[in-house]
Amino acid sequence: MQGNAAPSDRLAHIVTDVLRVPRDGIADDLDMEATSTWDSLSHMELIAAIEDEFGVALTADEIVSMRSLGAIKGVLRAKSIAL
Amino acid sequence: MTTVAVIQPYFVPYAGYFRLFTAADTVVMFDCVQFPRRGWVHRNRFETSTGELAWLTLPLEKAARDVRIADLRFVPDARERLGAQMHRFPQLDRAKRSQHPLIDGVLHLGGPSVSDYLVRLIAKIVALLGMERPIVRSSALDLPAELHGEARVIAAVNAVGGHRYVNPSGGRELYRQESFAAAGLELGFLDPYGGSYASVLARLLEEVPADVAGEIRRETVVSP
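So the sequence lines, in the order shown, correspond to chains A and B. Per this note's numbering, the first sequence runs over residues 4 to 86. Per this note's numbering, the second sequence runs over residues 12 to 235.
Any given hint could turn out to be false.
Derived contacts from chain B toward chain A, CB cut-off under 10 Å, selection only [unchecked claim]: (1) Arg48; (2) Gly62; (3) Arg148.
Source of the hints: derived by calculation from the structure; they are not laboratory data. Here the structure is a predicted model, which means the values were calculated and not measured. We put the CB at the ideal spot given by N, CA and C, even for glycine.
If we strip away everything but chain B, and leave its shape as in the complex, we get (with noise of 0.2 Å):
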């Protein structure tokens, strides 16, 4: 029974994001679906030195408002740039000097492909909690550009050879029992979370990692 989860890619999200590596045996991130500019797939909030939360965001190239997330790209000096902003926030700008691994992977861009770098950033991440699952960007996947929704996701999973798909628990109005099962899959949805929103990039700078990834674990609960 191959459970599949499957996700935006976020730049170094909040804790509860990692649930679903916990719950899921293969994870689909969703980079084929339209860029949300509001939303946290290219940013995320740090503390400033006055204590206050402000926004560290990829420096992205300009796009057309239909762009997908697949098909973002980051500005020729992105890494300089990202390097420039942590400047603004104390605990990057110590980890940024002492050469913490962590930044310097949020640093390695490795390409122009945005999602390309979220995915290996997530990977990254993931190791470092011990939740270490495949990966499959639904780009790749070749899913019918005219199936939307919950039609789409059901083809991911199909297409990564899922049994069984869970979602966060928002998904329940979303997603319905009888069109996964007509397709020959379970569904489950994820408890509400009651952690931390602080980005896990914050977290894993201050606390051990297993302690971490102890938390995900215990708010990971999965119901029908």
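So here's chain A without its partners, still in its complex pose (with noise of 0.2 Å):
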């Protein structure tokens, strides 16, 4: 996406071009037990974007914590990501 975007923007494209969620369905409290599009297949997906968005490597474990939108932000925030 446009590297110039701030980075919520960024995570919010990711989010609903992988999930095919709208936009205005993203919240903190999406996540992967209540949202049918969400998984293990576009779980994958979701974290090779962020991965190639942020320039990141997630661990295993926080790839396993990911599991909704905001542990994906705190995730995130902890390597210096301002969301």
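Hints are included, so try docking the two chains, each in its own frame, into the full complex.
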């Protein structure tokens, strides 16, 4: 996506694109259990897209923990991404 | 009742990917679609000497943005480049030095076609897991170009004589029971996956294949 956009917009773009959810349906409580399009395959797509977009390397534990948008933001904030 | 799964070919994917081989009688490798550059078709992640996960990436020829997976090609020295990348990953490097058959399989490109290679490698892994199934490339089915999405999947299932289609749970939003019923097909979905996301290659270099296969089978539950 556009590298000069705000990190929160870049993350929202990834989430809407991969999970096929409307932009206005995105909130921190969006989670894997309640989102029918968020299965293990789309989770892997999310991980790859986030790593590419933000230039971060996620650990196996982080990948398992990123089961909601809030959790994803928490992991990225810990890597100094300003969300 | 023949159950068919349709999925893009991935490079040594996570164990959950192979649930479709447990759930289906025939697996169609969906290589007739655009190559997703950010996906897992041409790469996977392994642990480096510092403990971080980094990408092991298949060396591909440059291609148009809309290139199909079926049309991807390796660069001429892909085997050497792929082997050189493995030095970054201690687990792969050790296995390469000991000439582990799985690493030999990864390094045996067998020709310029990436799709041929991926299907061959996936077949090798499913054989090791005891999950052999007929694997068909969708690019070999001559599906009409005008078919997309759900209609293209239905055409692929029909082309291999399927009666039932099984998909990961995320497909519930994409695929409608009534569309499949109108085509004379049943539709099922895998329940959510709770296992590891590590590459099956990393798992099989350390674990007994039967144990990994057992985990995959336990994780494979299909619901309407």
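Against the structure, the hints:
1. Arg48: holds, 9 Å
2. Gly62: holds, 8 Å
3. Arg148: violated, 19 Å
Of the numbered hints given earlier, the model fails hint 3 alone.
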